[in-house]
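Chemist: If you read the sequences in order, they're chains F and X. Going by the numbering used here, 60 is the number at position 60 of the first sequence; the sequence numbering is gapless. Going by the numbering used here, 86 is the number at position 86 of the second sequence; the sequence numbering is gapless.
No lab work stands behind these hints: they were computed from the structure. All residues carry an ideal CB built from backbone N, CA and C; glycine is no exception. Please note that a few of the clues may not be correct.
[As the list claims (entries may be wrong)] What follows is a set of in silico ranges between Cβ atoms, one per label pair, in the way DEER data are often shown:
(1) X:L396 - F:D24: 51 to 61 Å
(2) X:K226 - F:K100: 37 to 47 Å
(3) F:I8 - X:E230: 18 to 28 Å
(4) F:K64 - X:M333: 58 to 68 Å
(5) F:D74 - X:M333: 51 to 61 Å
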Amino acid sequence: MTWDITEIQKWDWKKHPFGGTIKDPGNSRKFKTGGWRAFRPVRDENKCTQCLICYVFCPDSAIKTKDDKIIEIDYSFCKGCGICAQECPLDAIRMCDETKEQS
Amino acid sequence: MNSLIKTAALVGTDAVAEAMRQINPDVVAAYPITPQTAIVETFSQMVADGLVKTQMIAVESEHSAMSATIGAASSGIRAMTCTSSQGLALMWELLYIASGLRLPIVMPNVNRSLSAPINIHCDHGDSMGARDSGWIQLFSENAQEAYDNTIQAIRIAEHPDIQLPVMVLMDGFIISHSIDRLDLQDDTSVQKFIGSRNPAYSLLDSQNPTSVGTFDSLYGYFFEFKRQQEEGMINALNVIQEVGNEFGTLFGRSYGLFETVGMEDAEYAVIATGSAAGTIRMEVEHLRSSGVPIGMIKLRSFRPFPAKQLAELLSGLKAVAVFDRSDTFAGHMGGPIFIELRSSLYDLEKKPLTINYVYGLGGRDLSEKLVKKAAGELMETAQNGFVRQTVNYLGLRE
Ligand code: SF4
Ligand code: SF4
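Start from the sequences, fold in the hints, and give me the full structure.
Modeler: Set out below in C-alpha cells:
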C-alpha cells in the first residue's frame with residue numbers, strides 16, 4: 001500500500017502503470033463519484049425506522065452508519081441510482097431532481 | 001552456432017504447432033477455423049500426448065478464445081491462441097483489450113479472406129483490418145519463417161519496453177497447407193532463447209494484489225495510456241531488429257523489419273510481403289542477372305511500420321511498385337501497404353514514383369507471368385518518368 005496517487009492529475013503519460021493496472025486496489029475511496037448524480041436521495045428522519053435495508057442495498061456504500069444507526073448519506077460518493085429509495089419499505093427516501101430542488 | 005538443427009518437411013500449420021510445443025505456453029484457448037484449424041488440432045494432440053504442460057481450453061467461439069487468453073495472460077503466464085479470417089473478426093473488441101491491457105499474447109493468424117462471398121483462401125484482408133488494433137504484425141514468407149517468427153514473437157511481445165500482443169501472419173493454404181523444408185532448432189535452445197515471462201503484475205499474486213481492466217472516464221488517463229501503447233510500438237522497431245539479430249547469431253537465420261534483394265544499386269524496386277515474396281524474388285533475381293537495375297523489399301513488420309527505414313532505402317529511386325494482397329475500399333487509394341508507404345515517402349526530397357498492384361484476393365494465384373507484367377510496367381514507369389495508372393488490379397479478369 002505504498003502507491004501514492006495524490007498528484008496523479010499532474011503525472012505525465014509515461015508515469016502511469018501500463019494498461020491502466022491499479023497497483024493499489026481498494027483506492028476507490030479516492031475516486032469521488034458524487035458528480036455523476038442527477039437525483040439526490042433525501043431521507044425523512046421522521047419516517048425512517050433505522051431498519052438499515054437501504055444501507056445493505058447501496059452499491060456505493062454511500063450510506064454511513066454509526067452504532068447501527070444511519071448518520072448520513074455521503075453525497076461525495078452517492079451516484080443517485082435510487083436503489084435505496086426503491087428498497088426502503090417505508091418510502092422514507094425521496095429522490096430529488098438535482099437541477100430543480102435543493103434539499 | 002551451438003544449437004542442434006533438425007531438418008524437417010512440414011506443412012506450415014505443423015511448423016507453427018512445433019514452435020508452440022517448444023514454447024510450451026501455460027494456456028492455449030482456441031476455436032477451430034479453416035485454415036488455422038490444423039495448428040490447434042496438432043497442438044491439442046501434443047497436449048493429449050503429454051508433450052507440453054499447457055492447459056488447453058476448448059472454447060465456444062473466437063470471442064471466448066481471446067477472452068480466455070486475455071484472462072490467462074493477465075495472471076502473468078504465457079497464453080496463446082490462433083485464428084484466421086472470420087475468427088479474427090469475431091475477436092475484434094478483444095484485440096483492442098489485449099493491446100490496451102499491454103498483454104504479451106502471441107497469436108498466429110493464418111491469413112484468409114473475409115466473407116462475403118465466402119472464400120476460405122488467402123488474402124491479407126483479415127489482419128489488415130486489425131492494423132490499428134495495437135498488435136504487432138509480422139508476416140512470414142514460408143513455413144520456416146512462420147516457425148521462426150512464432151518463437152521470436154514471444155521475446156518481442158514480452159520485452160519490458162513493449163508489452164504488446166503479436167500476430168504472426170502466414171498465408172492461408174499457400175504456407176499453412178503446403179509441405180515445406182525447414183530447419184527446427186532443438187527444444188533446449190528454443191527454451192533458452194525465449195526464457196521465462198517476467199510480468200510487472202500478476203492477477204494471481206495475492207501478496208501484491210492489482211486491479212486489471214479498470215474503468216477510466218472523461219477526467220481519467222485514457223489518452224495517456226494510448227500514448228504509452230504507441231511508445232511500445234515505436235520501441236518495437238528496435239526490439240524486432242535486436243531479437244532478429246540475436247536469433248540469427250544463435251540459429252543462423254537473421255531477421256529484421258524487412259529483407260532486401262539488390263537494393264544497393266537498384267533504380268527501381270518492388271515491395272511485397274508474405275508468400276508472394278518468393279515468386280517476386282525469383283523474377284527480380286532473374287532480371288538482375290540480365291543487368292536490369294531492379295531491387296526488392298520484403299516487408300516483415302507491418303506493425304510497427306518501418307516508415308523511416310523504408311524512406312531512407314527508397315530515397316532517390318526512380319520508381320517503386322507496391323504489392324498488396326488486400327484492398328482498403330477507400331475509393332482508389334490502393335492497398336494498405338501502398339497507402340502507408342506513400343505516406344512514409346512524403347517528406348523525401350527525391351521521391352520515387354509509386355504504383356500499386358492489388359493482387360491475389362480470395363486466393364487468386366500470383367503467377368510468374370503476372371509478376372513479369374508488373375515488373376515490365378515498373379521499368380516502363382521508371383523510364384518514362386510518369387505513372388500511367390496508380391492503382392492496378394493484377395490478375396483481375398478485365
Ligand atoms: S441513491 Fe444509490 S448510491 Fe445513492 S445512497 Fe441511494 S443506493 Fe446509494
Ligand atoms: S430503508 Fe428506509 S426505513 Fe430503513 S433505514 Fe433506510 S431509510 Fe430508514
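Chemist: Could you see if the CB distance from D74 (chain F) to M333 (chain X) stays within 51 to 61 Å?
Modeler: Since the Cβ atoms of D74 (chain F) and M333 (chain X) sit about 55 Å apart, the hinted range of 51 to 61 Å holds.
Chemist: Starting from the hint 37 to 47 Å, judge whether the C-beta atoms of K226 (chain X) and K100 (chain F) obey it.
Modeler: Given range 37 to 47 Å: holds, Cβ gap about 39 Å.
Chemist: Given the hint of 58 to 68 Å, is the C-beta distance from K64 (chain F) to M333 (chain X) inside that range or not?
Modeler: 60 Å, holds
Chemist: Taking 18 to 28 Å as the hint, is the beta-carbon distance of I8 (chain F) and E230 (chain X) inside that range?
Modeler: 21 Å, holds
Chemist: Range hint 51 to 61 Å: satisfied by the CB atoms of L396 (chain X) and D24 (chain F)?
Modeler: 58 Å, holds
Going down the numbered hints, you'll see the structure goes against none, and every one checks out.
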